[in-house]
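Chemist: Residues per chain are reported as follows:
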Amino acid sequence: MSTAGIQVPGDQTHGFLPERKADSPWVAAGKRLLRNRAGVIGLAGLSILLIAALGADWLAPFDPLAQHARDRLLPPGPVYWLGTDELGRDLLSRIIYGARISLSVGLISVVLGGAVGTVTGVVAGYWGKNLDAVIMRVWDTLLAFPTILLGVVLAAIMGPGVVTAAVAVGINNIPTFSRLTRAGVLAEKEKDYVTAARTLGASDWRIAFRHIFPNCIPPLLVQLALAMAFAALLEASLSFLGLGAQPPEPSWGSMLSKAQGFLRISPWFGIFPGLALAILLISLNFLSDALRDVLDPRRASLD
Amino acid sequence: MASYIARRLLQLVPVLLLASIVIFGLMRLIPGDPAQVLAGEDASPERIQEVRVRLGLDQPLPMQYVVWLGRVLQGDLGESVISGQSVATILSQKLPATAELAVGALLLALVVGIPLGVTAALRRGSGLDLAVTAYTSIVLGIPNFWLGLLLIIVFVVMLNWLPPGGRVPFTENPLEAIKYLLMPVLTLSIRASGIFIRFTRTAMLEVLPEDYVRTARAKGLTESAVVLRHALRCALIPVVTIVGLEFGRLLAGAVIAEQIFAWPGVGRLIIQSVGQRDYAIVQGVLLLLVAVFVLINLLTDLMYGFLDPRIRLARGR
Chain S
1 MSTAGIQVPG DQTHGFLPER KADSPWVAAG KRLLRNRAGV IGLAGLSILL IAALGADWLA
61 PFDPLAQHAR DRLLPPGPVY WLGTDELGRD LLSRIIYGAR ISLSVGLISV VLGGAVGTVT
121 GVVAGYWGKN LDAVIMRVWD TLLAFPTILL GVVLAAIMGP GVVTAAVAVG INNIPTFSRL
181 TRAGVLAEKE KDYVTAARTL GASDWRIAFR HIFPNCIPPL LVQLALAMAF AALLEASLSF
241 LGLGAQPPEP SWGSMLSKAQ GFLRISPWFG IFPGLALAIL LISLNFLSDA LRDVLDPRRA
301 SLD
Chain A
1 MASYIARRLL QLVPVLLLAS IVIFGLMRLI PGDPAQVLAG EDASPERIQE VRVRLGLDQP
61 LPMQYVVWLG RVLQGDLGES VISGQSVATI LSQKLPATAE LAVGALLLAL VVGIPLGVTA
121 ALRRGSGLDL AVTAYTSIVL GIPNFWLGLL LIIVFVVMLN WLPPGGRVPF TENPLEAIKY
181 LLMPVLTLSI RASGIFIRFT RTAMLEVLPE DYVRTARAKG LTESAVVLRH ALRCALIPVV
241 TIVGLEFGRL LAGAVIAEQI FAWPGVGRLI IQSVGQRDYA IVQGVLLLLV AVFVLINLLT
301 DLMYGFLDPR IRLARGR
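Residue numbers (my numbering), protein chains in the order written: chain S, 1 to 303; chain A, 1 to 317.
One thing to keep in mind: the hints can contain errors.
[Stated by the list, open to error] Below are the SDA-like pairs computed for lysine to any residue, each with C-alpha atoms no more than 20 Å apart in a straight line: (1) S:Lys-258 to A:Val-156; (2) S:Lys-129 to A:Gly-40; (3) S:Lys-258 to A:Gln-11; (4) S:Lys-191 to S:Ile-171; (5) S:Lys-258 to A:Pro-164; (6) A:Lys-179 to A:Leu-150; (7) S:Lys-129 to S:Leu-92; (8) A:Lys-179 to A:Thr-202; (9) S:Lys-258 to A:Leu-150.
The set of hints was computed from the structure by calculation and includes no laboratory data.
Nothing here was measured: the structure is a model prediction, and the numbers come from that model.
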């Protein structure tokens with residue numbers, strides 16, 4: 001791909017430097033992602049939902065909270081494309097606005113879990129010893145709490161709501177990010193470049209976060225997509241149980257929970273919000289598979 | 001092996017202690033004064049203080065924790081504020097239903113997952129392999145509560161084959177019991193089946209090119225003996241870990257399935273209790289499930305050591 005080291009007439013680099021800068025590993029990985037079928041499908045699905053979330057104000061045909069008393073539980077039709085719910089609200093509009101809740105809970109919880117997880121992971125992996133043992137035991141304990149139950153208890157403490165759901169999922173994301181980062185740091189810290197940095201007088205802090213950590217990022221990216229999917233699923237589950245988003249907020253989970261009472265009269269009410277959620281989850285799963293293939297070519301050969 | 005088990009059991013102690021502190025702390029964080037609740041809405045401050053002393057709530061927190069832990073270790077989980085029954089009794093009544101669901105889902109997922117994973121690996125790249133891989137990708141993206149609703153739409157609303165919810169114990173009428181069990185078990189197991197397929201397939205693909213598999217073939221063993229006795233046995237080692245993890249998740253995931261299908265287990269109990277602010281029960285369910293979760297993880301690790309002596313020996317050093 002690169003033309004490194006090829007002599008070209010008029011070349012001022014005397015053959016030592018590449019004529020054109022080769023792609024950085026990240027750009028190269030990005031290009032591989034766009035050539036990966038699963039990656040493209042995942043990115044496409046995610047983009048559609050992202051556009052829906054960001055452009056909801058322009059895209060939604062109706063106000064998601066507007067009730068049309070005469071048009072309750074309508075089937076899909078020319079006015080309400082996906083039908084209406086039990087209060088006569090437009091399902092399509094509510095699903096479009098629902099993307100906001102799913103994606104923002106996913107984002108908040110991943111940022112929370114990722115930030116705490118990676119920092120503690122680097123600390124545990126680099127400084128090790130007792131600190132490592134303590135941090136890992138704490139995460140072991142946290143992992144012993146089934147996520148959904150943690151959400152249930154947090155809902156009892158903080159009151160049900162979107163923020164509660166985001167915090168519950170975020171806390172649950174911490175151990176995985178922490179363990180992955182720690183494993184990466186342990187593998188990296190024996191390498192020569194670390195010794196080199198130390199010889200040059202770099203501080204521990206600098207070595208850990210500026211030199212080692214960037215090399216631990218690829219598996220974390222794969223986990224990021226998985227954690228987003230997990231977060232969206234959990235938010236919907238909690239909302240389905242009545243512990244997440246509260247009415248009249250248009251969360252996909254709470255819509256499905258409502259739909260459960262009307263399956264005989266209007267099955268589509270129970271189908272469309274779940275379909276939106278499934279599209280989000282499948283897109284994120286595809287994306288994480290593709291990221292794994294792209295960032296770790298050795299593994300790709302097995303799938 | 002005995003010293004390995006003992007060591008692993010010892011490692012459990014800090015995790016369980018920490019978990020008990022977390023649960024105790026979480027319960028204390030829930031807004032509202034239990035003494036006030038027990039004494040009643042219009043109780044005088046003196047009366048509330050009396051109840052507080054009786055419950056030991058006037059003691060410092062660490063002291064309260066020690067007393068509480070002592071009771072929990074003796075199996076005393078307190079009483080339900082609503083029914084007045086002991087929490088331990090309520091749990092022992094509800095747990096069998098949840099266990100039935102989780103075990104059923106695990107078995108179904110294993111019966112579907114492992115053969116499909118093995119076959120897909122053996123015929124890598126074939127149409128069957130593609131279909132199986134597509135199945136896993138899709139299944140892992142289907143929210144289980146949505147699947148539950150879809151099953152109701154198909155089997156209850158459209159076909160009218162199955163009851164929409166409830167439970168008949170196996171001991172009363174096995175045939176009816178299965179009818180009630182079918183949809184909740186399917187709802188719960190489908191994700192796990194996808195995960196088992198994925199792990200079995202990857203593990204088999206890693207094992208099949210190994211020398212000992214070639215040796216087994218060269219010895220003239222039948223293909224089924226090569227696959228089942230030699231390859232699969234080694235491939236199953238990583239799968240065992242996942243099975244343990246998934247079983248824990250199935251127990252927790254039962255919350256959702258129980259809610260949809262009115263299944264009278266601990267999952268439905270905890271949701272109901274949160275709604276009724278019956279926190280002794282919430283705490284009891286949490287303690288129970290966390291303990292079971294941790295125990296399953298231990299059993300998984302032990303199985304792992306049993307299947308692969310290298311692990312046991314390496315950790316022994």
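Chemist: None of the hints should be skipped; say for each whether it holds.
Modeler: Status of the hints after comparison with the structure:
1. Taking the CA atoms of Lys-258 (chain S) and Val-156 (chain A), the gap is about 18 Å. The hint holds against a cut of 20 Å.
2. For the proposed pair Lys-129 (chain S) and Gly-40 (chain A), the alpha carbon gap of about 52 Å is over 20 Å, so the pair is violated.
3. At roughly 45 Å between alpha-carbon atoms, Lys-258 (chain S) and Gln-11 (chain A) are farther apart than 20 Å, so this suggested pair is violated.
4. In summary, the hint linking Lys-191 (chain S) to Ile-171 (chain S) is not supported, as the alpha carbons are separated by about 32 Å, beyond the 20 Å threshold.
5. The straight-line distance between the Cα atoms of Lys-258 (chain S) and Pro-164 (chain A) is roughly 16 Å, inside the 20 Å bound, and the hint therefore holds.
6. The suggested pairing of Lys-179 (chain A) with Leu-150 (chain A) holds, with an alpha-carbon distance near 17 Å, which does not exceed 20 Å.
7. Note on Lys-129 (chain S) and Leu-92 (chain S): the hinted pairing is violated, with a Cα-Cα distance of about 54 Å set against a maximum of 20 Å.
8. Between the alpha carbons of Lys-179 (chain A) and Thr-202 (chain A) the distance comes to roughly 34 Å, so the proposed pair goes past 20 Å and is violated.
9. In summary, the hint linking Lys-258 (chain S) to Leu-150 (chain A) is supported, as the alpha carbons are separated by about 14 Å, within the 20 Å threshold.
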